[in-house]
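Student: Chain by chain, the residues:
Protein chains: 2
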Amino acid sequence: MLPGVGVFGTGSTARMLVPLLQAEGFQVHALWGQSEEEAGGLARELGIPFSTSRSDDVLLHPDVHLVCIYIPPPMTRQIAVNALGIGKNVVCEKAATAVDSFKMVTAARYYPQLLSIVGNTLRFLPAFVAMRRRLLEGYVGEVQVCDVRVCGPSLLDRAYGWTCEELMGGGGLHTVGSTVIDLLSHLLGSRAQRVHGLLRTFLTQSASICGIRRVTSDDFCFFQMLMGEAGPGAGPGAGSGGVCCTVTLNFNMPGAFTQEVMVVGSAGRLVARGTQLYGERHGGGGEELLLGDGGRAGPADPLLPHLRGLGSMVTALRHSFQAHGERRSWAREPVAAAPSFEDGLYVQTVVEAVKRSSRSGEWECVEVMTQEPDPNHNLCEGLQRNKN
Amino acid sequence: MLPGVGVFGTGSTARMLVPLLQAEGFQVHALWGQSEEEAGGLARELGIPFSTSRSDDVLLHPDVHLVCIYIPPPMTRQIAVNALGIGKNVVCEKAATAVDSFKMVTAARYYPQLLSIVGNTLRFLPAFVAMRRRLLEGYVGEVQVCDVRVCGPSLLDRAYGWTCEELMGGGGLHTVGSTVIDLLSHLLGSRAQRVHGLLRTFLTQSASICGIRRVTSDDFCFFQMLMGEAGPGAGPGAGSGGVCCTVTLNFNMPGAFTQEVMVVGSAGRLVARGTQLYGERHGGGGEELLLGDGGRAGPADPLLPHLRGLGSMVTALRHSFQAHGERRSWAREPVAAAPSFEDGLYVQTVVEAVKRSSRSGEWECVEVMTQEPDPNHNLCEGLQRNKN
Numbered sequence: 001m002l003p004g005v006g007v008f009g010t011g012s013t014a015r016m017l018v019p020l021l022q023a024e025g026f027q028v029h030a031l032w033g034q035s036e037e038e039a040g041g042l043a044r045e046l047g048i049p050f051s052t053s054r055s056d057d058v059l060l061h062p063d064v065h066l067v068c069i070y071i072p073p074p075m076t077r078q079i080a081v082n083a084l085g086i087g088k089n090v091v092c093e094k095a096a097t098a099v100d101s102f103k104m105v106t107a108a109r110y111y112p113q114l115l116s117i118v119g120n121t122l123r124f125l126p127a128f129v130a131m132r133r134r135l136l137e138g139y140v141g142e143v144q145v146c147d148v149r150v151c152g153p154s155l156l157d158r159a160y161g162w163t164c165e166e167l168m169g170g171g172g173l174h175t176v177g178s179t180v181i182d183l184l185s186h187l188l189g190s191r192a193q194r195v196h197g198l199l200r201t202f203l204t205q206s207a208s209i210c211g212i213r214r215v216t217s218d219d220f221c222f223f224q225m226l227m228g229e230a231g232p233g234a235g236p237g238a239g240s241g242g243v244c245c246t247v248t249l250n251f252n253m254p255g256a257f258t259q260e261v262m263v264v265g266s267a268g269r270l271v272a273r274g275t276q277l278y279g280e281r282h283g284g285g286g287e288e289l290l291l292g293d294g295g296r297a298g299p300a301d302p303l304l305p306h307l308r309g310l311g312s313m314v315t316a317l318r319h320s321f322q323a324h325g326e327r328r329s330w331a332r333e334p335v336a337a338a339p340s341f342e343d344g345l346y347v348q349t350v351v352e353a354v355k356r357s358s359r360s361g362e363w364e365c366v367e368v369m370t371q372e373p374d375p376n377h378n379l380c381e382g383l384q385r386n387k388n
Numbered sequence: 001m002l003p004g005v006g007v008f009g010t011g012s013t014a015r016m017l018v019p020l021l022q023a024e025g026f027q028v029h030a031l032w033g034q035s036e037e038e039a040g041g042l043a044r045e046l047g048i049p050f051s052t053s054r055s056d057d058v059l060l061h062p063d064v065h066l067v068c069i070y071i072p073p074p075m076t077r078q079i080a081v082n083a084l085g086i087g088k089n090v091v092c093e094k095a096a097t098a099v100d101s102f103k104m105v106t107a108a109r110y111y112p113q114l115l116s117i118v119g120n121t122l123r124f125l126p127a128f129v130a131m132r133r134r135l136l137e138g139y140v141g142e143v144q145v146c147d148v149r150v151c152g153p154s155l156l157d158r159a160y161g162w163t164c165e166e167l168m169g170g171g172g173l174h175t176v177g178s179t180v181i182d183l184l185s186h187l188l189g190s191r192a193q194r195v196h197g198l199l200r201t202f203l204t205q206s207a208s209i210c211g212i213r214r215v216t217s218d219d220f221c222f223f224q225m226l227m228g229e230a231g232p233g234a235g236p237g238a239g240s241g242g243v244c245c246t247v248t249l250n251f252n253m254p255g256a257f258t259q260e261v262m263v264v265g266s267a268g269r270l271v272a273r274g275t276q277l278y279g280e281r282h283g284g285g286g287e288e289l290l291l292g293d294g295g296r297a298g299p300a301d302p303l304l305p306h307l308r309g310l311g312s313m314v315t316a317l318r319h320s321f322q323a324h325g326e327r328r329s330w331a332r333e334p335v336a337a338a339p340s341f342e343d344g345l346y347v348q349t350v351v352e353a354v355k356r357s358s359r360s361g362e363w364e365c366v367e368v369m370t371q372e373p374d375p376n377h378n379l380c381e382g383l384q385r386n387k388n
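Those sequence lines, one after another, are chains V and R.
Quick note on my numbering: the first sequence kicks off at 1 and runs consecutively.
Quick note on my numbering: the second sequence kicks off at 1 and runs consecutively.
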């Protein structure tokens, strides 16, 4: 039997998620929004019986056993940790900082019987499921290089808000880059050892964001990751094995969102463009379509990959909860592909290393936190940084 | 009246160049090849009356007043400098090192009445001529980011030779990257201040390159250039203005060569794909074709951009020499778009800075040589590098 669901958030993802949950047979009992009006309006629209702006009303709702959290990053940690603390299963978006992610990992470790996954939908997109299988089968041979490009118009909300603020988890790197970092570690089965990056904010003000307000979050981000290298002593240019990933994120582009993920190896290459997968092997007869998107014509919906992946994730959640008869019990296997909170911490660590590299101009090591930093030490660092 | 031409080289470029010269009315009087047989064979094929493997026989040929040099990079400097020294006009390919380029600059400065240009054909490609015009007209607004990608199969010759050797000017960075560096400085009207790069050689041996022989030239190269920045004290991540260029060169790809050059600005973007130019502006009606390639169907010839650019360059040369009636006299204006030897030195300086960055892992400054380095000092550096 499927657990009742409580949803946090009234943004575009929450709006897409609720119908998908309902279509798979989940009952959505409660919706939380930042204001009563926002929550009430969307709840009526989506047929959710209860809405509120007080988080505890959702968390303590007797019919809610699965909590889906799609809210601004700075608020995610608190809701996720509280939900686990009172025995609810959690699917959530990334947090704002590595420290927040670490606290979520600690909570998830403390309640291993509860489901806790980061809702990165790219892993579930059929094109990437197929790409991962082909990689394991050796389609491209030994992987050498990955190249990812995501381009599109501005990610900023019209009004000033968290999307404008680097420290609140706004910007292309945090919003889109983090899903790419997660995807690449999933596809390649290895993690970034060192990163190098460059962030820019080209659009610092707009018609609606003006006066003393300035955008601090990046709208252009380029970074490189060296994955699973051999020796720690080798220079970055040394041919020391290890896969080199380059990621370009540009949100100053007119036109539709485009997303291209390419993996090049010794025997050929695989490319996912939007929701389609293509491949070409050395000595083969040119590029072949390995996975179409059901033959729909016309320009692809920019949100299609996201929506498609979200749908597959919800299906996996249904399988997981249906595997056993009980309302609160779930099977690990159907959601094995989903990123754990540990994966979320890794991703956040890479994001922060890229930001550090953009400031220092140097390659930065990716060192995943193993204990919570002293908050006073943090304060000092913050002050230091402000001084510079 | 057009000057008689002597051509150095029997490779693919020389093979394309001779018919283009002949079509524009230039008489090709002499051809040089590394062996008498090679030179003789190609001369017969292309209808050139004289062939030799001794460079002086071409340089001193009484009917030759323009020398075109398309030979392996380590040999270019000597021929180019000698040709200028005996009063011949010179069109040549890049040299192997910045020191060689500097010597060529010195010679060109010494004989300013002689034509001396680097035959980078991309500047002459109609798509880039149109792109440059659109940039000057403000089509994209303030330029923010350039992104260049060139992909294709291996650049190595089948047999072991200079293409395999980094120090002889082999590799994607030197062969293709240098034309991209030149093109971007031409399009943007500014030069790289700092660069960061990563080079890799994934294919170190092949069926025909084996035993003790190994490829040292790069087959994957990624680099970033910060162009014309404001303050020297600003960190690379600082939003200090300046255009950020990213260049990806991957020659491990099955299939045809692809080349894409994109310039993104505050008002829109321009993209040259192969020989075609597209553009899109914010708030416009989607991407528009700004310059087609004459509507030819089917997959584009991978060498088409190169061939098309070479053709335009030869036409410019004809205009330059026809401007005055005399055989040796030429006008600057028709070839004003062509890279000078000074531009060649700049390009070679960037190439070497990228290589240095790949070894050091750090951002490297681009400092164009102003005097010839002490050869003994050079030797010491070479020894030092071997030791590491």
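Note that these hints are calculated values from the structure, not bench results.
Given the structure is predicted, the values throughout are model-derived calculations rather than measurements.
Hints are supplied without guarantee of correctness; some may be wrong.
To be verified - A few chain V positions that, by computed beta-carbon distances, are all more than 10 Å from chain R:
1) 15
2) 41
3) 136
4) 175
5) 246
6) 252
7) 253
8) 255
9) 264
10) 307
11) 361
As the list claims (entries may be wrong) - For each label pair, taking beta carbons as the anchor points, the in silico distance ranges come out as:
12) 204(R) / 292(V): 31 to 41 Å
13) 136(V) / 214(R): 55 to 65 Å
14) 260(V) / 332(R): 39 to 49 Å
15) 333(V) / 214(R): 57 to 67 Å
Stated by the list, open to error - Reference listing, derived: stretches of chain V covered by chain R, where coverage requires no fewer than 3 residues with Cβ under 8 Å from a Cβ of chain R:
16) 73 to 85
17) 198 to 211
18) 277 to 287
Each residue gets a CB set at the ideal place from its N, CA and C atoms; glycine is no exception.
Student: Verify the CB-CB distance for residue 260(V) and residue 332(R) against the hinted window 39 to 49 Å.
Tutor: Hint holds: Cβ distance 43 Å, inside 39 to 49 Å.
Student: Is it correct that the beta-carbon of residue 264(V) has no partner in chain R closer than or equal to 10 Å?
Tutor: violated (6 Å)
Student: Confirm or reject: residue 136(V) is not an interface residue toward chain R, with every Cβ-Cβ distance exceeding 10 Å.
Tutor: holds (20 Å)
Student: Does the Cβ pair residue 333(V), residue 214(R) satisfy 57 to 67 Å?
Tutor: violated (46 Å)
Student: Looking at residue 175(V) again, its CB stays over 10 Å from all of chain R?
Tutor: holds (18 Å)
Student: When you look at the beta carbon of residue 246(V), is every beta carbon of chain R farther off than 10 Å?
Tutor: violated (6 Å)
Student: Beyond 10 Å from chain R, beta-carbon-wise, is residue 361(V)?
Tutor: violated (4 Å)
Student: Taking C-beta pairs only, is residue 15(V) more than 10 Å away from all of chain R?
Tutor: holds (26 Å)
Student: Honestly, do residue 204(R) and residue 292(V) meet the 31 to 41 Å range at C-beta?
Tutor: holds (37 Å)
Student: Taking a Cβ-to-Cβ distance below 8 Å as contact, does the region 73 to 85 of chain V have at least three residues touching chain R?
Tutor: n = 0 at 8 Å, threshold three: violated.
Student: Examine the region 198 to 211 of chain V for residues whose CB is less than 8 Å from any CB of chain R, and state whether their number is three or more.
Tutor: holds (count 7)
Student: Does residue 252(V) really sit off the interface, with its C-beta more than 10 Å from all C-beta atoms of chain R?
Tutor: At roughly 6 Å from the nearest Cβ of chain R, residue 252(V) sits no farther out than 10 Å, so the non-interface label is violated.
Taken one by one, the earlier hints fail for this structure at numbers 5, 6, 7, 8, 9, 11, 13, 15 and 16, listed in ascending order.
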